[in-house]
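Next come the chains, spelled out residue by residue.
2 protein chains.
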Amino acid sequence: MISSIAELIADRIGTMPAGERRAAQTLIASYPMIGLKTVAEFSAAAGVSSPTILRFVARLGFQNYPEFQSSLQDELAAQLQSPAIRTLNPPSPNGGTVSPMLEATLENMRETFRHLSDRQLADIAARLAERRGKTFLIGGRFTDPLARYMAAHLAVIQPDVFHLAGQESMWRDRLIDMGKRDVLVIFDIRRYQDSLVRFAEKAHQRGVHIVLFTDQWLSPIARFARHVIAGRTAVPSAWDSSAALFVVAETLIGAVTRQLEADGARRIREMEGLR
Amino acid sequence: MISSIAELIADRIGTMPAGERRAAQTLIASYPMIGLKTVAEFSAAAGVSSPTILRFVARLGFQNYPEFQSSLQDELAAQLQSPAIRTLNPPSPNGGTVSPMLEATLENMRETFRHLSDRQLADIAARLAERRGKTFLIGGRFTDPLARYMAAHLAVIQPDVFHLAGQESMWRDRLIDMGKRDVLVIFDIRRYQDSLVRFAEKAHQRGVHIVLFTDQWLSPIARFARHVIAGRTAVPSAWDSSAALFVVAETLIGAVTRQLEADGARRIREMEGLR
DNA sequence: GGAGCGCTGTACCGTATGTTACGTATTTTG
DNA sequence: CAAAATACGTAACATACGGTACAGCGCTCC
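So the sequences go chain by chain: Y and G. Note that the working numbering has the first sequence beginning at 1, numbered continuously upward. Note that the working numbering has the second sequence beginning at 1, numbered continuously upward.
No lab work stands behind these hints, which were simulated from the structure alone. On a predicted model such as this, the values are computed, not experimentally measured, just so you know. Hints should not be assumed to be uniformly reliable.
Note: identical chains are not told apart, hence a pair may lie in one copy or across any two.
Said to hold, decoys possible - Mimicking EDC-like on lysine to aspartate or glutamate, the simulated pairs with C-alpha atoms at most 20 Å apart in a straight line are:
#1 Lys37 to Glu67
#2 Lys202 to Asp177
#3 Lys134 to Asp177
#4 Lys37 to Glu75
#5 Lys37 to Asp74
#6 Lys202 to Asp118
#7 Lys37 to Glu130
#8 Lys37 to Glu201
#9 Lys180 to Asp123
#10 Lys202 to Asp182
#11 Lys180 to Asp160
Work out the full structure, taking the sequences as your base and the hints as a guide.
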């Protein structure tokens, strides 16, 4: 079975004429970067003419050059998605069935935070901490517990934190209370829920500051969101994993808490007194 | 020092207008693949117009789009050359405040799973999968969302799954329905809630099979529990972290699902038909 | 050694791509 | 609340890119 273009080339390089073989060798030499550049650059690097490159690509079975490039990109994307899990985590002590799940989850978290800057988290935390308006949280079918989790914590350290639960009609009515000064935190991963999208759109129209927790494919709500947190969700299971988003949520909770403490919020001091 | 385009974006995303921010978020979400495609595809994926994409790359300091793409390609090439760099993220590129939190969380998970045998998880999963009785789930003040999360999933793949919510009196009444054949999943971490302990004790007396998710100091409920999952909760934050327990819960959900599929559960097949 | 075949490059073409100008909408500021 | 500034998209534009026709060259095989 041939799964990569590199293998495909290795398989057919024997049957190629001299010029195309040079093209093949050049591509293999710095695989796959040259293939992502233009035909002209490729041909120059290989020391052949442009048509030879195109004939080379055609021989590999591609209809045209862009199709060939897309294929290379897909391959790269797949490679980046699963960044050689083996090479990373210490050769799991448990050889059993749980390990793959844990390994994938750990990797998801690293990957999620890699694409998430301190700056971005700090911005969101700051927005949540500045008590100008209200904070609303809502989630989808499986992610609503995350919204609840976050709401439960935030509600302790600041007033006006509301988790939107129950029927769609229930929270839609709450839109009246929302305005420019308010923040709406939404959790939405595949399969994205229409009701949430509609809700987000309406809130957006009212000028609500939307913070979206979603997966790497981005819920359509990203259109309306001021801040988007894209977490990795793929695990070897029938279900998607929300663990990475959960950790981001906890991080955010911690950051907001620290922020409020730094601001010397009266509420925090009073609360410590109550314990 | 900014070395990658991703960091560059993270640094400036705050100063970008809405449209360009969408472009930035789209790129980050599936970094860097979208950036290698055409402006038209990029703009479509981000839901903005082509000029916005170009303004976005211009703001990042590139003269034109091809230059931006070349830069991305160089970055990719460097990454592919030395996959080691990818893996050793630990020398945290984020010198900021999130890393310690993430590191601690990852370590908590490893530590939690180290003390958790496959056997133990398999036993619990088996107990949950064998449909002799009902499954009840409940949690404490901050962990109840975990109970909800697990209940939401289990309820999809099997009947008689109940999340106990609301007032204490509410779920205490449900005790009448519980018996030897039933399973009660409890989440309880510091500070342990008396109400939960009392509830667990009563359930135990009725012969209910108790599965306890708790922290490393063990809730008093451990006395009555048939299975105890002790997760690490310590993180550099004002709050305890439930992330490790969350991951265990997801693992368990996955295991139960697999088990039921293996059993060829009628319900699973019917459900796939309903989609 | 000559005829035939196949490979390769030059030159040209059509088009898809990146780019720019401008008008409208939206937000910000006084 | 008005006016200015900024941001965004539509549409027209230019270029450079991929694609193709064709001619020359070398190679192979009679």
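These are the hints, each one checked on the structure:
1. Lys37 to Glu67: both (13 Å within a copy, 12 Å between copies)
2. Lys202 to Asp177: For Lys202 and Asp177, the Cα distance is within 20 Å only inside one copy (12 Å; across copies 43 Å).
3. Lys134 to Asp177: within (9 Å within a copy, 41 Å between copies)
4. Lys37 to Glu75: both (15 Å within a copy, 14 Å between copies)
5. Lys37 to Asp74: both (15 Å within a copy, 11 Å between copies)
6. Lys202 to Asp118: Answer is neither; intra-copy 30 Å and inter-copy 47 Å both fail.
7. Lys37 to Glu130: neither (47 Å within a copy, 39 Å between copies)
8. Lys37 to Glu201: For Lys37 and Glu201, the Cα distance exceeds 20 Å both inside one copy (40 Å) and across copies (29 Å).
9. Lys180 to Asp123: Close inside one copy (17 Å), not across copies (51 Å); limit 20 Å.
10. Lys202 to Asp182: within (13 Å within a copy, 44 Å between copies)
11. Lys180 to Asp160: Intra 15 Å, inter 43 Å, cutoff 20 Å: intra-copy only.
In terms of the numbered hints stated before, the structure departs from hints 6, 7, 8, listed from lowest to highest.
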